[in-house]
Amino acid sequence: DGGITQSPKYLFRKEGQNVTLSCEQNLNHDAMYWYRQDPGQGLRLIYYSQIVNDFQKGDIAEGYSVSREKKESFPLTVTSAQKNPTAFYLCASSDSGTDSNQPQHFGDGTRLSIL
Amino acid sequence: DQQVKQNSPSLSVQEGRISILNCDYTNSMFDYFLWYKKYPAEGPTFLISISSIKDKNEDGRFTVFLNKSAKHLSLHIVPSQPGDSAVYFCAATLYMGRRALTFGSGTRLQVQP
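Sequences listed follow chains A and B, in order. Numbering-wise (this note's numbering), the first sequence opens with residue 1 and increments by one. Numbering-wise (this note's numbering), the second sequence opens with residue 1 and increments by one.
Only chain A is shown next, with the shape it has when bound in the complex (with noise of 0.2 Å):
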């Protein structure tokens, strides 16, 4: 069954910890994201990678990182910097990044709260 597959569905961050969360897709997707959500808002969208090897800061990158060494893998490190992490936070991939019929399928997404 293909499909976007994030864990942990929960994650526990203490304070001035990093933290890495999993994303990884069987779609043969080119395109991967990382979004946030908030209570009330809608998501919204912190790095993105088009290609392997390759991926670009999004709207509020700050205090995030990502890699994408791997198609089918996107992890998102939630580092010390980012002083408001307590989110909840989703993975999506597109057949392309570019085309505008492709819509962006996601993961179910990861709960991550403060100590």
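Possibly wrong hints are sitting among the right ones.
These stretches of chain A come out as covered by chain B in the derived footprint (C-beta under 8 Å, 3 or more residues) [unchecked claim]:
id: 1; segment: 40-52
id: 2; segment: 104-113
Below are the DSS-like pairs computed for lysine-lysine, each with C-alpha atoms no more than 27 Å apart in a straight line [what the hints assert, rightly or not]:
id: 3; chain 1: B; residue 1: 5; chain 2: A; residue 2: 57
id: 4; chain 1: A; residue 1: 57; chain 2: A; residue 2: 14
id: 5; chain 1: B; residue 1: 37; chain 2: A; residue 2: 9
Worth flagging that the hints you see were computed from the coordinates, not collected in a lab. Glycine included, every Cβ here is placed at the ideal spot set by N, Cα and C.
Go by the hints and put chain B onto chain A.
For chain B alone, coordinates are given in the frame of chain A:
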């Protein structure tokens, strides 16, 4: 600067009736619009989309209408079913070196049996 707005945070309709969810946008460069449905603790699921060169797209019980002059789109669900109860996000996209989505804040639809 919120480029995609869903001004109704919630909507309640009776089963079998029509649900109309609205969305407004400000950026005339958007060339594709999408609707996503989201259940609690799950990721959004793609529902239906429309290109900016069209004014209507239909898929079963779901129809999206686009009024470019008013920068407005709407999602019609007919007939509404209790399983349609979820949060619906309107999203728009344009290509500027990337094709990420700009989302509205969502509308929570409750379909009453």
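Hints, verified against the model:
A stretch counts as covered by a chain when three or more of its residues have a beta carbon under 8 Å from one of that chain; for the segment 40-52 of chain A and chain B the count is 8, and the coverage holds. Only residues whose C-beta sits within less than 8 Å of a C-beta in chain B count toward coverage, and the segment 104-113 of chain A has 7 of them, enough to reach three; the restraint holds. Pair hint residue 5(B) plus residue 57(A) holds up; C-alpha atoms about 23 Å apart against a cutoff of 27 Å. In summary, the hint linking residue 57(A) to residue 14(A) is supported, as the alpha carbons are separated by about 25 Å, within the 27 Å threshold.
For a cut-off of 27 Å, the pair hint linking residue 37(B) to residue 9(A) stands: about 19 Å separates their Cα positions.
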